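Taken in order, these protein sequences are the chains called E and G. If you count by our numbering, then the first sequence holds residues 1 to 166, one letter each, in order. If you count by our numbering, then the second sequence holds residues 167 to 294, one letter each, in order.
Read the hints as simulated data drawn from the structure, not as lab findings. Please note that the accuracy of each hint is not assured.
To be verified - Okay, the calculated bits of chain E under chain G, using three or more residues with CB under 8 Å as the criterion: (1) 35-46; (2) 50-59; (3) 121-127; (4) 158-165.
No experiment lies behind these values; they were computed from the predicted model shown. Even glycine gets a Cβ: it sits at the ideal position worked out from N, Cα and C.
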Amino acid sequence: MSLDSYRFLDFASRQVMKAWAARQDYDGIPFTPMAKPLHACTVALVTTAGVARIEDRPFDQAGERRNPWWGDPSFREIPLETSERDVKLYHLHIDPRFGEADLDVVLPMRRLAELASEGVVGSPARTHYSLMGYILEPEELVEKTAPAIARRMRAEGVDAAVLAPA
Amino acid sequence: MGLVQRVLEASGLPTVALSMIPALTRAVGVPRLAGIGYPMGQPFGKPYDAEGQRAVLRATLALLTTAAGPDTYVELPFEWPESPARARLASKDLPPPPIVELLRKKPWLLPRLYGGWIPRPHEGAHSG
Numbered sequence: 001m002s003l004d005s006y007r008f009l010d011f012a013s014r015q016v017m018k019a020w021a022a023r024q025d026y027d028g029i030p031f032t033p034m035a036k037p038l039h040a041c042t043v044a045l046v047t048t049a050g051v052a053r054i055e056d057r058p059f060d061q062a063g064e065r066r067n068p069w070w071g072d073p074s075f076r077e078i079p080l081e082t083s084e085r086d087v088k089l090y091h092l093h094i095d096p097r098f099g100e101a102d103l104d105v106v107l108p109m110r111r112l113a114e115l116a117s118e119g120v121v122g123s124p125a126r127t128h129y130s131l132m133g134y135i136l137e138p139e140e141l142v143e144k145t146a147p148a149i150a151r152r153m154r155a156e157g158v159d160a161a162v163l164a165p166a
Numbered sequence: 167m168g169l170v171q172r173v174l175e176a177s178g179l180p181t182v183a184l185s186m187i188p189a190l191t192r193a194v195g196v197p198r199l200a201g202i203g204y205p206m207g208q209p210f211g212k213p214y215d216a217e218g219q220r221a222v223l224r225a226t227l228a229l230l231t232t233a234a235g236p237d238t239y240v241e242l243p244f245e246w247p248e249s250p251a252r253a254r255l256a257s258k259d260l261p262p263p264p265i266v267e268l269l270r271k272k273p274w275l276l277p278r279l280y281g282g283w284i285p286r287p288h289e290g291a292h293s294g
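Excised from the complex, chain G in its bound form (with noise of 0.2 Å):
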C-alpha cells in the first residue's frame, strides 16, 4: 500500500496512509503516514461504530495539512477496546491465508518468505 502511496503522490496528489503496521509502511518511505494500534481487518474502527470510524478519518485527514514534508508519521490516540487475544479470536473460525497453509506444509519454504525471494509467477506453480 506504501508503494502505491508513493506513486499517487510522486503523480501531484498528496496523500496520507493510516496503518495498523506502520513499521511496515514506513519502511518503504511515505509521505504522511498515521499509525493505529486497531487490529487488520478494521482499520477505521468496528462496526456501526460510526463515531469512532468518524474520529479515525478526521485524525488521519488532519495529516494532510499539518504534515510540513515527506516522512511525516504521527501515532493516533485511539485504543483498541479488546485485548489482542480477544480480537483474534473473534475469527478463529477462518481458514488461513494460503501462504501460511502452504507453509505449514513446506516449512522448509519459510527461508523464501522471510528472505523476499519470492518466485515469479511463471514459477510460483512449481516452486516445490
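Chain E extracted, bound-state conformation (with noise of 0.2 Å):
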C-alpha cells in the first residue's frame, strides 16, 4: 500500500487508528459478483458523515458528548432529490461545513444521477443511506442496522452500493 493512509490525520489519531487496524481479525471476506453489467445496475449510496434530512430526527450528537466511547449507530434514508438546503451532518469528528455547503463532496447523488444520464450506471437507487463514522462498539451497527440497510435496498431493487466514510 502506497498511500499514506493516515497523511491528513493529527499524530495522535494516527497512532490510535493503527493500532486499531492491527487489531482487527475476520473471518473470510464476502464476495458477490455482479450480476448484471454496471450500466444496467441500479446504484445506491451510503455515507458516514452523519447525514440526516432537517425534519428528521437528529442523530444523537449529546449522547456522544455525555459517553464519548459511544457512537449512534443508527441509520436515516436520504432520497434521490435531497440537496444540501434539506440536511445537517451530525458527525463530530469531521468538518461538516464542506458537505453542508455541497452535499455531493460525501454524498454524490448528483454526480450518480450524471453518470446514469452518460449510460455508466443503470439508474440512482430512489433511497440513499447515511450512518455516523465514529462507532468504537459496532454490534448493534453490525447486527441491526446493516441488515436494515441491506432489506431496504433489495426492496428497492437496487444491484449494489458505493459507501464512503467521511
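Since each chain sits alone in its own frame, please combine them into the complex, following the hints.
Right under this line is the structure:
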C-alpha cells in the first residue's frame, strides 16, 4: 500500500487508528459477483458523514458528548432529490461545513444521476443511506442497522452499493 | 464502515468502498476498496468541484466491474490540491471530537482507546 492512509490526520489519531487496524481480525471476506453489467445496475450510496434531513430525527450528538466512547449506530434514509439545503451533518469527528455547502462532497447523488445519464450506471436508487462514522462498539451497527439497510436496498431493487466514509 | 460493507455484500449485493484511511478499512476485510489521499470530510472532492467529484465516483464504481475476487484494493490516482497542514487549518476553529476532549482531560484513559478496551454503554458514563 503506497498511499499514506494517515497523511491528513494528527499524530494521536494516527496512532490510535494504526492500533485499531492492527487489532482487526475477520473470518473470510464476503464477495458477491456482479449479476449484470454496471450500465444496467441501480446503484445506492452510503455515507458515514452523519447526514440527516432537517425534518428527520437528528443523530444523537448529545449522547456522544455524554459518553464519548459511544457513537449513534442508527441510520437515516436520504431520498434521491435531497440537497444540502435539506440536511445537516451530525458527525462530530469531521468538519461538516464542506458537506453542508455541497452534499455531493460526501453523498454524490447528483454525480451518480449524471453518470446514469452518461450511461455509466443504470440508474441511481430512489433512496440512499447515512450513518455516523465513529462507532467503537459496532454490535448494533452490524446486527441491526446494516441488515435493515440491506433489506431496504433489496426492496428498492438496488443492484450495487457504493460506501464512503467521511 | 467496512463492517457495514461486509454485511451488505454477504446479503447478496456487490459493494465497493472509497476510503481516505484504506489501511483501516482494509483491516476489517472488505471485498472491494478504493483508497484515496483526500482529507476527512471531503471523500469525493472539494465543494462545487462537480467534475472532480464525478471522476472519483466513476473510478470507485469501476471497481465493481474490474474486481475479480475479494480484497481487491486499488489506489485512485487523485491528488488533493492542498498540503495536509493547510487542509487541517481550514477546520482549526472547530471543537475537537468528544473523545479527544475527554482524553485531554483524562489522558490515563488513552490506553483504553489504544487497546480497544471500549466501555459498554451502561458503564461508559462512569468510566472514570
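Here's how the hints hold up against the structure:
1. 35-46: Held - the region 35-46 of chain E has 6 residues with a Cβ nearer than 8 Å to chain G, which meets the minimum of three.
2. 50-59: violated (count 0)
3. 121-127: violated (count 1)
4. 158-165: holds (count 8)
Checked against the numbered hints given earlier, this structure breaks hints 2, 3; the rest are met.
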